[in-house]
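J.: Sequence order for the protein chains is A and B. Numbering follows our numbering, in which position 113 of the first sequence is assigned residue number 113; successive positions increment by one, without gaps. Numbering follows our numbering, in which position 216 of the second sequence is assigned residue number 439; successive positions increment by one, without gaps.
Hints in this document: simulated from the structure, not taken from any laboratory. The C-beta atom is built at its ideal place from N, Cα and C for all residues, glycine as well. Each hint should be verified, as a subset may be incorrect.
To be verified - In silico contact screen, one side only, chain A against chain B (beta carbon under 10 Å); selected entries:
# : residue
1 : N17
2 : N126
3 : S145
4 : V162
5 : D164
Chain by chain, the residues:
2 protein chains.
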Amino acid sequence: MDEKIRVITVKQSVFANNNARAEALREELKKKGVFLINLMSSPGSGKTTLLVNLINRLKDKIKIGVMEADMDAIVDAETIEKKTGVKTIQLHTTGECHLDAKMVQEGCDGFGVDGLDLVILENIGNLVCPAEFDTGANMSIEILSIPEGDDKPLKYPLMFTVADVVIFSKIDALSVFDFDFKKAEDAILELNPKSRFFPVSAKTGEGMDKLADFILEQVKNNK
Amino acid sequence: MDEKIRVITVKQSVFANNNARAEALREELKKKGVFLINLMSSPGSGKTTLLVNLINRLKDKIKIGVMEADMDAIVDAETIEKKTGVKTIQLHTTGECHLDAKMVQEGCDGFGVDGLDLVILENIGNLVCPAEFDTGANMSIEILSIPEGDDKPLKYPLMFTVADVVIFSKIDALSVFDFDFKKAEDAILELNPKSRFFPVSAKTGEGMDKLADFILEQVKNNK
């Protein structure tokens, strides 16, 4: 294990009043001027690669921290820290399939978010359970990768209902996969009319500037 | 809704003795000569497309039924029935992120599995929760698609521990995605030394004959 990566084990709240906890965390972060993004997706949608690319576009403009949640591994936190240099912590859920507000609060307390402008929480790779819990974040982003297919909003409706932003990732793979953007966007807008869409490729960089500008604007509006 | 697709809503057992229920279901199916496969994967790994291709290679040799589990949608069951003609039923979990043995038992009872040689249960697309519950199946298969990456065994260890067979799907996408088979296989074998691997493309048909032969052999050995 890379000794530089701190690991915090977070446990789910037994007595659930998750919404109230989430609101309290949001209030606390607001006072500190910290904007929290909850990043969700399927396993293998390219969350970590996208994060590295995004952070490297933003890190000279704002102070960023990353909380990487995983059931067990520390590979993502190591990758983020090595490739971006920003402050990173690993949250371990010891098998839990999602994060709730208490777990995120414990993560923030252990991490130390004071002085950061933006904290990105990489949730467990799962389109079902993470959507059920308000994490206390200011914005929820769902990454839908092109190879997963344009029918995912139909099959995981809650995820696309709670996500404020949908990033269509791996658009460089359109050479081998069919993906009907209009079909996906129409289905998502039916679930959440306020959704915003960003098609990107972290590999080629296409669309990443627009996404970075949007995130920067949200962080500045939070001050 | 296509009226031909039957939908059964299945509910999780409140009083969990899941392992005993799973054993009982396995016994019952054994007596009936039914081989049950539990098919698991991330969302968008190509489970349904692969199933259609596989079933069309097997349906003239054995009697097959498909139980499609989803939280809410019926698109997969419709696709399977339309493209293969085999008996199909949709199980709805009403938001639950996995299937347990009681849910599968209810599914089998409602479906009517008598006379079938092979029943394929398409579990909820999720690498976390389905791995925690013995469904009563004779064999668990995990589909890992090439775009998801070779690091998934490290990040979702329980899934690769419980899976008897790992299908590497979408190998036609190797033109745009790097995937180190040796790295993936070594990590999986460390979790489950008995794992068997099948690299396939349902799109080009590559590897599908070998997979179909293997399944057929398992079904015949069950008699």
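J.: Hint compliance check: list the failing hint numbers for this structure, sorted ascending.
T.: 1, 4, 5
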